[in-house]
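Participant: As a plain string of letters, each chain reads:
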Amino acid sequence: MRIFEFFRPTNPEAAIATAAQSKTAQQGADVRFMGGGTTLIDLMKLNVETPDRVLDINRLPLNKIEATPDGGLKIGAMVRNSDLAHHPKVEKDYLVLSQAILNGASAQIRNMATVSGNLLQRTRCVYFRDTAMSCNKREPGSGCPAITGHNRTLAILGASEHCIATNPSDMCVAMAALEATIHVQGPKGSRAIPFGDFHLLPENTPHRETILEPGDLITHVMLPPPIGGSKQLYLKLRDRASYEFALASAAVVLTIAGGNITRARVALGGVGTKPWRSPDAERALTGKTANDATFRQAAEAALREARPQSENGFKIELAKRCLAYALRTAATS
Amino acid sequence: MSDDDPESLPPSPTRRKFLLTSGSSVAASLVAAYVPASAKSAAGGTDSAPVSAGPSIEGVVPITLRINGKDHQLKIDPRTTLLDCIRETVALTGTKKGCDHGQCGACTVHVNGRRVLSCLNLALMHDGEEITTVEGLGTPDAMHPMQAAFLACDAYQCGYCTSGQIMSAVALLKEPCGPDDASVKELMSGNICRCGAYANIVEAIQQVRKNA
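Protein chains in written order, with the working numbering: chain A, 406 to 738; chain B, 269 to 480.
It should be emphasised that the hints constitute simulated quantities derived from the structure, not laboratory data.
In this text the structure is predicted, and so the values were computed from the model without any measurement.
Here a beta-carbon is modelled for each residue, glycine too, at the ideal position from N, C-alpha and C.
Warning: the hint list may mix true and false statements.
[Unchecked claim] Within a straight-line C-alpha distance of at most 27 Å, the following computed DSS-like cross-link-like pairs (lysine-lysine) qualify:
no.: 1; chain 1: B; residue 1: Lys365; chain 2: A; residue 2: Lys494
no.: 2; chain 1: A; residue 1: Lys469; chain 2: B; residue 2: Lys343
no.: 3; chain 1: A; residue 1: Lys450; chain 2: B; residue 2: Lys442
no.: 4; chain 1: A; residue 1: Lys450; chain 2: B; residue 2: Lys343
no.: 5; chain 1: A; residue 1: Lys497; chain 2: B; residue 2: Lys453
no.: 6; chain 1: A; residue 1: Lys497; chain 2: B; residue 2: Lys442
no.: 7; chain 1: A; residue 1: Lys593; chain 2: A; residue 2: Lys469
no.: 8; chain 1: A; residue 1: Lys479; chain 2: A; residue 2: Lys494
[Said to hold, decoys possible] Sample of chain B residues at the chain A side, in silico, Cβ under 10 Å:
no.: 9; residue: His369
no.: 10; residue: Val384
no.: 11; residue: Asn389
no.: 12; residue: Leu392
no.: 13; residue: Met411
no.: 14; residue: Leu440
no.: 15; residue: Leu441
no.: 16; residue: Lys453
no.: 17; residue: Arg462
no.: 18; residue: Gly464
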């Protein structure tokens, strides 16, 4: 691990002012906020991240979960994953979020990992994590050996000729389906970012993963008021039963009246270069009868643009079955 | 007196004492050797200004870590993980280093009563917090019920993952967990046992839960 200066800012403004001196907020940032450390310390040990300055923001007052006047939920950036998953209001109104978080990592890591850190979770692509290899995300322009190499777990949606790395988060998949809003405070003030606009596709700049700029501090995430009577489910398929990243996962939020689907929100995990909301699947569901044929059509729609890599063609059918099964299970719950 | 007469040999330290001694002295020299003169760090301070580290070795940061109810005044390289600090600086070697990347659970300790992976935390992040290691659970004469259950159920083979397993299991007792074995397995999935003592580990945990 490279040597760094360690600071503990006493308020968000101080953290922002220091972080604003970084040349970038993306890969290779010279100033990094430290939350739970579960991603950043891991990558610092690998010399994938080499910040000059580390800002410990664990003691900033950003760790509350509060009901909002409109009936939604305000989740502080430093709330730990385990506290969010077990919060009574999340278990009652946003079950898909609780399920997604509890399907991720281990109990120890969920006690450490923060909401904002999970939003910024880095890919598990082995080429990204190994500094002996080329990687366009880590070293722009150096090439992507994953495309002709080991890519069994990598993306089938949203990839480019420069990067096929999968976004590994479970929490983000549920938040995409719940239409969360990410609130950021930066050198120029505060702004609210719709969830779908936060993560970027790799295109020809895979080192840029989010829209964050130097000094941007995620302060909280807002969930809109719950949809009464909605049926929610997170289903995750992986190589082992627990403590493993998704090969394919689905977060679904359905409203069904008289056997017809009146509202549908669908997002996929483990298959995309970002948390993958599927408006195509949602259109294929809305206004239709809640039955297996509809669910399969939605799954076909969600994966229509999927492009397999050399080793992961199986993920297309796996993701379809994952989504169809999740929809059926949710609808009949 | 013959050469192989045990009485004639110089008094030798026990293996455990030898490891503890060498562990702490190696750590002390590494800290000095690895810190460049330009490095500055601060765990506290107002706003973002670094406070002068003050110690004789520039770049080494003073902190107070409270481990098993005892305060330790330490001077550490800011890169020191909580795991390395516990093992090498404080010389409590019950906590084990397995993968050092958050994938095995051998380094599990409690911070403020919750289980965490000490390999993915910097020691500096925990000044003033209550840290518990396996040495703080019980003693050979007065074992924690979970330690006694692991012994009774033969819930280990080589023993390397055991302290992490026990720290996880003790924390699990206070977490939301269904009554069945499957729930225990799910919440213990972050602790890998390459010997495969899983069945006995689950049995030990269920024994403690039933008697609680």
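Participant: Hint by hint, which ones does this structure get wrong, listed from lowest number up?
Facilitator: Hints 1, 2, 3, 13, 15, 17, 18 are the ones this structure does not satisfy, whereas the remaining hints hold.
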